[in-house]
Amino acid sequence: MSRSYLRRRWTDRLVAGVTFLCAVAVLTPLFLILFFLARTGVGALNLDFFTHLPGAAGEPGGGMANAIAGTLLLVGLAALLGVPVGVLGGTFLAEYPTSRLAGVVRLLADVMNGVPSIVMGLFAYTILVLPLRHFSAAAGGLALGIMLIPTVMRTTEEIVRLVPQSVREASLALGIPQWRTLLRVVLPTAAGGIVAGIMVGLARIAGETAPLLFTALGNRFWNWDPLQPIAALPLQIFAYAVSPFEDWHRQAWAGALVLVSLVLGINIATRAAAARQVKLR
Amino acid sequence: MGDRLFAHLLAAMAGGVLVITAAMLAALTVGAWPAIRKFGPAFFASSAWDPVAGDFGALPFIYGTLVSSAVALGLAVPLGLGVAIFLSELAPGWLRRPVGFLVELLAAIPSVVYGLWGIFVLVPWVRATLSPPLKATLGFLPLFEGPPLGIGMLTAGLILAIMVVPFIIAVSTEVMRAVPTSQREAALSLGATVWETTRAAVIPYARSGIVGAIFLALARALGETMAVTMVVGNVPQIRASLFAPAYTISAVIANEFAEATDVHLAALIYAGLVLFLVTLTVNILARLLVARAGRGPGLIRE
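Line order of the protein sequences matches chains H and S. If you're matching positions, the first sequence starts at 253 in the working numbering and goes up one per residue. If you're matching positions, the second sequence starts at 454 in the working numbering and goes up one per residue.
Keep in mind the hints are simulated off the structure, nothing from the lab. These numbers come from a predicted model, not from an experiment. Think of the CB as a built atom: it goes at the ideal place given N, C-alpha and C, for glycine as much as any other residue. Be a bit skeptical, because a hint or two may be false.
What the hints assert, rightly or not - Computed beta-carbon distance windows for the label pairs: (1) S/Lys491 to H/Gly310: 35 to 43 Å; (2) S/Arg549 to H/Arg352: 34 to 42 Å; (3) H/Val494 to S/Pro600: 57 to 65 Å.
Can you build the whole structure from these sequences, using the hints too?
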């Protein structure tokens with residue numbers, strides 16, 4: 253075997269090794285984060301955490317019950333805006349793929365996906381908080397809802413495109429108008445995938461903090477009024493993490509554990525469900 | 454009749470994205486107007502930040518944003534490309550899916566959780582383990598001057614690198630996978646090794662997509678807020694040393710916005726508008742580059 257051949261073969265192996273090490277290096281922080289969340293978070297979790305309001309500053313005890321409820325309410329408000337616009341807009345992109353509007357919307361949706369979330373908060377502040385002179389859950393829901401639209405729109409488009417043309421033709425051949433075909437045949441066929449896309453989008457916005465800082469603002473008490481400031485789990489984690497109190501740090505870890513379990517749980521479950529669907533076909 | 458109406462409804466919903474983008478530009482411009490009128494372009498060259506006197510300049514924040522993003526990309530680009538090459542060309546089949554999945558999880562972890570971990574794990578580690586050897590070996594450079602506090606530009610860059618690397622990996626793996634198999638087979642049949650094939654046939658073909666992936670990551674790094682706010686130190690200063698605390702545009706908005714009034718508020722919205730315009734531009738460029746990669750290198754050379 254020639255020397256140069258040996259050298260080339262060794263280079264090949266070396267590169268394979270180096271890129272593998274890159275993968276190890278990139279994934280190490282993931283394992284470290286999960287490890288510290290489990291170590292610190294599990295010990296700090298108790299029933300109080302899920303059932304009690306936050307305690308007074310500096311005093312141990314209390315929980316994040318209102319923040320968990322607040323996050324659910326905010327995500328619900330965001331879904332009211334993001335899901336209809338995203339699903340119907342995504343259907344448009346899939347059914348009229350070559351129209352000029354579709355091209356522009358597709359690009360802008362992808363671009364919006366990369367716009368910093370804090371800018372969404374600024375926008376919701378200028379159009380809802382300033383005129384109403386009040387921080388509110390509605391403003392937080394608006395900021396999160398806008399962030400939800402592009403995700404839902406693009407996944408809906410992808411899934412609706414997968415619905416076979418023959419399904420549409422079968423319905424149209426029965427004399428069913430196109431709009432009813434879309435609503436009653438095409439969208440239900442694609443429902444599984446659309447719901448999966450919505451879930452992943454909701455999981456993403458549930459963890460967002462920056463757009464809520466000056467819209468939902470946070471609240472140490474219960475609130476169900478969309479026009480009043482409301483607590484949210486990520487906001488509470490942030491406030492506790494930068495506080496000087498030991499017990500609040502522990503609760504921040506507990507909150508982070510709950511949040512990450514929620515977000516990663518939805519991601520993993522959606523993926524498993526999608527994999528099973530593919531297998532069934 | 455119903456069909457036409459329904460098509461219009463769908464188009465209106467899709468057009469919502471256009472309306473929102475335009476509304477964001479308009480609302481932020483109106484909100485920032487008092488500051489735009491008062492400071493104009495001098496806003497970007499001034500280091501003043503005095504809410505009492507009503508004098509504002511964004512230079513230290515722009516500097517902090519750019520340098521922390523540069524540190525992040527300096528780490529994330531080589532690592533991310535390594536992983537992308539591994540995933541698309543070199544990894545055995547059984548390893549691809551789990552590694553790809555874990556990278557996706559990395560992208561799914563909320564920013565505030567990165568920040569929490571940053572404060573309590575990464576900052577002490579940078580202070581006690583990473584900084585002393587850096588200082589001992591490279592301390593003569595102005596980059597590593599001064600006391601290593603743990604919080605500061607270096608830690609912010611590190612945590613940003615961890616957060617943006619999944620985007621580099623996902624997009625570049627995708628564009629490299631999209632390279633036609635015939636390209637690879639041609640190189641392999643000439644006797645090239647797998648790495649030589651990657652270098653000669655795959656990477657040139659995917660180049661514009663890879664640049665697009667880096668741009669996407671850059672936009673993320675520029676706008677990332679919570680994790681950076683929690684570890685960067687929040688001191689508006691311009692220091693050559695990466696050990697020194699700094700401040701970024703998004704961090705100053707996050708910290709001061711809820712309590713700001715009048716010109717202070719307008720100045721923060723002005724800074725946010727700039728951030729919006731820059732990330733918008735970088736994202737559009739990224740998408741165009743990635744879309745171009747799908748068409749192969751012939752068009753790229755034009």
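Hints versus structure:
1. S/Lys491 to H/Gly310: 35 to 43 Å: holds, 41 Å
2. S/Arg549 to H/Arg352: 34 to 42 Å: With a Cβ separation near 38 Å, S/Arg549 and H/Arg352 satisfy 34 to 42 Å, so the hint holds.
3. H/Val494 to S/Pro600: 57 to 65 Å: Hint violated: Cβ distance 22 Å, outside 57 to 65 Å.
Going down the numbered hints, you'll see the structure goes against just number 3.
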